[in-house]
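Colleague: Quick note, the sequence shown lines up with residues 564 to 845 if you use the working numbering.
It should be emphasised that the hints constitute simulated quantities derived from the structure, not laboratory data. Note that CB positions come from ideal geometry on N, CA and C, so glycine has one too. Worth double-checking, as some hints may not be accurate.
As the list claims (entries may be wrong) - 30 Å max Cα-Cα, derived DSS-like pairs, lysine-lysine: (1) Lys751 / Lys718; (2) Lys666 / Lys697; (3) Lys740 / Lys718; (4) Lys719 / Lys815; (5) Lys765 / Lys719; (6) Lys708 / Lys805; (7) Lys718 / Lys640; (8) Lys818 / Lys805.
Claimed, not checked - With beta-carbon atoms standing in for the labels, derived distance ranges: (9) Asn776 / Asp592: 40 to 50 Å; (10) Asp783 / Gln730: 15 to 25 Å; (11) Glu566 / Lys773: 16 to 26 Å; (12) Asp707 / Met651: 21 to 31 Å; (13) Asn595 / Lys640: 15 to 25 Å; (14) Asp592 / Gly762: 44 to 54 Å; (15) Leu764 / Val812: 32 to 42 Å; (16) His669 / Lys805: 41 to 51 Å; (17) Glu650 / Lys805: 35 to 45 Å; (18) Glu733 / Lys608: 45 to 55 Å; (19) Asn679 / Asn613: 48 to 58 Å; (20) Gly784 / Glu650: 17 to 27 Å; (21) Gly762 / Pro813: 16 to 26 Å; (22) Val812 / Lys697: 29 to 39 Å.
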Amino acid sequence: SKEVEIVDCLLKNGASILYSCESSSYLHDAVNSGDVTIVELILSKGHDVNSVDSAGRTSLHCGVKTRNIDILSALLKHGARVNIPDEMGKMPINFAVEIKHMKMVHLLLDNGADMNARGTYYGETLLHIAVKNKQIEMVQILLDKGADVNAYDTKKVTPLKLAIQLQTVEIVDCLLKNGASILYPCEKSSYLHDAVNCGDLKIIKLIMNKGHNVNCVDSDGRTPFHSVVKKGNIDILPALLKYGASVNVPDKMGKMPIHVAVEKGDDIYVKKLEEKEIQNHL
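Given the sequences, and given the hints that come with them, work out the whole structure.
Modeller: Now the structure itself:
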């Protein structure tokens with residue numbers, strides 16, 4: 564192209580590769596142009612492949628954003644370091660997962676990218692991002708490469724909790740099959756409470772089939788059965804009873820599920836619970 568010819572001519576005639584502006588570099592500009600030939604020309608003159616711009620981003624960060632796998636390969640061939648974080652703490656692999664570019668993720672991981680690199684948004688891992696994107700293929704790639712399936716962010720949110728909240732049954736199943744623990748790292752709730760609140764029977768069954776305690780309690784002493792009654796999801800009731808849910812567990816206020824049903828004026832639930840011969844203390 565004409566651009567390549569002009570760049571080549573300037574370099575051959577003594578153009579310095581040292582950029583006078585600290586906000587960027589010639590290599591960053593070349594990468595952003597999307598032309599791998601120009602990138603190669605700049606690098607052939609000894610340009611620092613790991614130079615950073617004003618945001619602390621290397622040309623590799625920019626290369627990911629261009630979605631150009633040839634440019635990414637050229638940078639790596641010239642010694643680009645894969646684990647340099649920008650000023651926000653993000654590495655190139657974080658961006659690659661965010662934009663759902665599986666080829667780039669593969670390439671970066673094969674070149675030593677940190678599998679458990681965390682972004683700045685509550686310390687999410689790559690697996691958190693893939694789950695949030697609802698991209699099962701990316702989730703499986705990361706797990707196959709050794710991602711920590713039980714990693715949690717600064718809010719104690721795990722990939723499994725995210726998948727349950729997003730009601731992505733396939734990803735929940737994938738995480739459980741790859742060793743996700745059913746023991747929630749936060750005492751305020753449980754995975755079963757989350758599944759019940761979302762009202763997804765398939766996810767509830769997946770969790771229960773892994774041996775989750777059906778009578779676990781949250782920080783208010785409420786069981787998943789309390790949550791079912793509060794939500795009014797009658798379809799979930801038989802499943803919890805099948806797995807041995809107790810209908811007589813009081814919460815910290817002394818309320819059992821039937822009390823919640825009566826307060827709501829939910830006659831269907833009251834009848835169902837009375838059929839179970841509950842001793843209520845109304």
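Colleague: State for each hint whether it applies.
Modeller: Here's how the hints hold up against the structure:
1. Lys751 / Lys718: Between lysine 751 and lysine 718 the Cα gap is close to 11 Å, so the pair holds against 30 Å.
2. Lys666 / Lys697: Holds, at roughly 17 Å.
3. Lys740 / Lys718: holds, 24 Å
4. Lys719 / Lys815: holds, 23 Å
5. Lys765 / Lys719: Measuring from Cα to Cα gives roughly 24 Å; hence the hint holds.
6. Lys708 / Lys805: violated, 38 Å
7. Lys718 / Lys640: violated, 38 Å
8. Lys818 / Lys805: holds, 22 Å
9. Asn776 / Asp592: 40 to 50 Å: violated, 58 Å
10. Asp783 / Gln730: 15 to 25 Å: holds, 24 Å
11. Glu566 / Lys773: 16 to 26 Å: violated, 57 Å
12. Asp707 / Met651: 21 to 31 Å: With Cβ atoms ~28 Å apart, the hint holds.
13. Asn595 / Lys640: 15 to 25 Å: holds, 19 Å
14. Asp592 / Gly762: 44 to 54 Å: At roughly 52 Å between Cβ atoms, glycine 762 and aspartate 592 fall inside 44 to 54 Å, so the hint holds.
15. Leu764 / Val812: 32 to 42 Å: For valine 812 against leucine 764, whose Cβ atoms are near 21 Å apart, the range 32 to 42 Å is violated.
16. His669 / Lys805: 41 to 51 Å: With a Cβ separation near 43 Å, histidine 669 and lysine 805 satisfy 41 to 51 Å, so the hint holds.
17. Glu650 / Lys805: 35 to 45 Å: About 53 Å separates the Cβ atoms of glutamate 650 and lysine 805, which means 35 to 45 Å is violated.
18. Glu733 / Lys608: 45 to 55 Å: holds, 49 Å
19. Asn679 / Asn613: 48 to 58 Å: Given about 22 Å between the Cβ atoms, the range is violated.
20. Gly784 / Glu650: 17 to 27 Å: violated, 45 Å
21. Gly762 / Pro813: 16 to 26 Å: holds, 24 Å
22. Val812 / Lys697: 29 to 39 Å: holds, 34 Å
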